[in-house]
Amino acid sequence: MLDNKVILITGGTGSFGKTFAKKILKEHNPKKVIIFSRDEYKHYLMQKEFEIYKDKLRFFIGDVRDKERLKRAFDGVDIVIHAAALKHVPLMEYNPIEAVKTNIGGAENIINAAIDSNVEKVIALSTDKAVNPVNLYGATKLVSDKLFISANAYAGGKKTRFSVVRYGNVAGSRGSVIPFFLKLVKEGKKELPITDFRMTRFWITLDEGVDLVLEAIKEFKGGEIYVSKIPSFKVVDLAKAICPECKLREVGIREGEKLHEVMITEEDSRNTYEYKDYYIIYPHFKTWSIEIKKDGKKVPEGFRYSSDKNKKWLSVEELREKLEKLQVVY
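In our numbering, the protein residues as written are 14 to 343.
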């Protein structure tokens, strides 16, 4: 699948990019892995961390807003994983045009560069915030998702095909609730703030996100949105798992935040099939030939995949066990 392929990762110096690169370099035999990112210091740190793979790694400083740089970087590339985005919710509300330029304009540039360079496959990473968005970041990612899906028609007779992988907040990622709670406990706090006692979230690790992307690369035909089947948890249970003796204080939901994560809406259910480890949302507008993967079961109309309506839940004890193995980024 990846052997002897040239693979490029936009936003490659981020948490996902590093985890994905390490996995494919350890478990596969790619011809070359190109790390595309605008942060020179992160490039420098990653070069040091990945020293043993230096013969197969290339570091391209560049921004997805720069069409010419993308075209140069995509020369000879077989597979592109698009992970670059501006994603800080409050900052994007204050800097909306910057979010549009990177998350939407950047998506357009990726699409054009991939088609012009005859890239074989492109997978774009999405987010639960793109589903019924309530903040600007989510709205830009919704547009980005639609651009990548429609790019399969835009490619015309070219071989380039596009797909999307969607999942929610990664457990233990920088800026998420787990490192926030752990930091408070480390500082000796005996009370943890909960935005809303009813709040639920999905649990997915970086490794699980990488595995879904690898599965999609192996099989996608063009136009699918892959959504991982993962357990839910209550945020109050997470707090109890981290600090059983701490008091919990409800502080009110923040601007641009949802009570529950939603991955598949009732409207999308009309085009959604369930498989063993994931769901696939097929395109609503079929302006190109799309193949439905076999062995799937069409979900019932009105189906909604959200963190509060999930079939599988993590208990406080299960959360504690997962936290012991989790790599947390501060």
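Some clues are possibly wrong.
[As the list claims (entries may be wrong)] Computed Cβ-Cβ distance ranges for the label pairs, DEER-style:
#1 Lys202 with Phe298: 49 to 59 Å
#2 Glu106 with Asp52: 40 to 50 Å
#3 Glu81 with Gly169: 39 to 49 Å
#4 Lys234 with Thr278: 32 to 42 Å
#5 Asn108 with Asp321: 39 to 49 Å
#6 Trp326 with Lys44: 22 to 32 Å
#7 Glu40 with Arg187: 17 to 27 Å
#8 Glu81 with Glu270: 33 to 43 Å
#9 Arg78 with Lys234: 25 to 35 Å
#10 Pro192 with Lys172: 35 to 45 Å
#11 Glu133 with Gly75: 43 to 53 Å
Worth flagging that the hints you see were computed from the coordinates, not collected in a lab. Glycine residues also receive a C-beta, built at the ideal position from the N, C-alpha and C atoms.
Would you list, in rising numerical order, the hints stated earlier that this structure does not obey?
2, 3, 4, 5, 6 and 11
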